[in-house]
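Number of protein chains: 2
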Amino acid sequence: MSEENERHNAKMRKIKAARDKMMEQKTEQKGLIMVHTGKGKGKSSSGFGMIMRCISHKIPCAVVQFIKGNWDTGEKSFLRDNYADECRFFVSGEGFTWETQDRARDIAAAENGWRIAKEQILDPDIQFVLLDEINIALRYDYLNIDEVVDFLLTQKPHMTHVCLTGRNAKPELIEAADLVTEMTLVKHPFKDGVVAQKGIEF
Amino acid sequence: MSEENERHNAKMRKIKAARDKMMEQKTEQKGLIMVHTGKGKGKSSSGFGMIMRCISHKIPCAVVQFIKGNWDTGEKSFLRDNYADECRFFVSGEGFTWETQDRARDIAAAENGWRIAKEQILDPDIQFVLLDEINIALRYDYLNIDEVVDFLLTQKPHMTHVCLTGRNAKPELIEAADLVTEMTLVKHPFKDGVVAQKGIEF
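Chains A and B supply the protein sequences, listed in that same order.
Note that our numbering has the first sequence beginning at 121, numbered continuously upward.
Note that our numbering has the second sequence beginning at 121, numbered continuously upward.
Just chain A, with the same shape it has in the complex:
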């Protein structure tokens, strides 16, 4: 074995020992409040990646889509057509708020979505709930942030995971969450005139 390889392997043995020790201390299981925010891509799609994992592990799950309702998104037809039993799929919103241009209707849709979300989170059969684009509804105060945070902190069953996605997550939600990821836009081809494309954006 070359000297470089031996050095590398020794370094990796050290890393492994440190990781093993760290992992020993991680014993707690609990349902997480997760937030995906930021201007970058991947907020919803990583939520749907987790839904794929849940279905594979036979973890009953639910999705409530707050905004993208009238789009023919790949994830909606995929889950509704193939996994209606494994993953309940609800739509409350009717498109982005600049498409509906009707605040009263947006509020009614958001409130309906939140009512469904609470039912799913409280349902003992459901272990993972994805609240897709709920941050948009919170940002425009279609939903009351204090009520949402209070519900998550006091009424969510201990082992139930909830993932909330969308730009501009409110500070109160970030404070309450266990795991927050900000998707940061480093480069985006929209700037260069490339359209939203099937499979990638929706």
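Be aware that one or more of the hints could be misleading.
Each computed EDC-like pair below joins lysine to aspartate or glutamate, with the alpha-carbon atoms no more than 16 Å apart [to be verified]:
no., chain 1, residue 1, chain 2, residue 2
1, A, 307, B, 292
2, B, 178, A, 201
3, B, 276, B, 245
4, A, 136, B, 245
5, B, 150, A, 321
Sample of chain A residues at the chain B side, in silico, Cβ under 8 Å [to be verified]:
no., residue
6, 125
7, 149
8, 174
9, 176
10, 195
11, 299
12, 303
Non-contacting residues of chain A with respect to chain B, defined by C-beta distances greater than 12 Å in every case (computed) [said to hold, decoys possible]:
no., residue
13, 150
14, 158
15, 167
16, 231
17, 265
18, 322
Honestly, the hints are just simulated from the structure, not real lab data.
In this text the structure is predicted, and so the values were computed from the model without any measurement.
C-beta: ideal position from N, C-alpha, C; glycine also.
Following the hints, put chain B in place on chain A, whose structure we already have.
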């Protein structure tokens, strides 16, 4: 309608007009080089969310997993068991590098993965290729970054999308990419002693 609602609706009309104008200028379709990097979560799972969209839209796709090979990941069994025709799934790596502790074997595995990756990218039947955790292989120089970037820029078919995931993406790759998202860790429950959990982490 209340005054607040009217103001809101007028603002949304303006936003919609600006967006419509912007979208008119976006007419180009092309296969993208996408990178998901950063320390936050969602790099792989958003890749698998796009795979879900591809399957739904009947876009033939392929996955090459460079590192997580010997994990029983939800995405691997889900895709292999249910979508072997729609999504080709290859595994080259045998675990994180600190688990194998054998640089020569890691290099052989990475090279094998890259050989498969090139075949899939060049295959005219395949329109989306996910190179999961390839950035780890590039970071440790198991693969030559110049060769990978050169292949993507000069040999990738025009309409084929390639998504490369993993921490510490090399600057050369970021420079070459069309779309780069950095997943930034804002908060992580590992710090508080919570273990990696099914459905969420794998």
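If you test the structure against every hint from before, which numbers come out violated?
Of the numbered hints, 4, 13, 14, 15, 18 do not hold.
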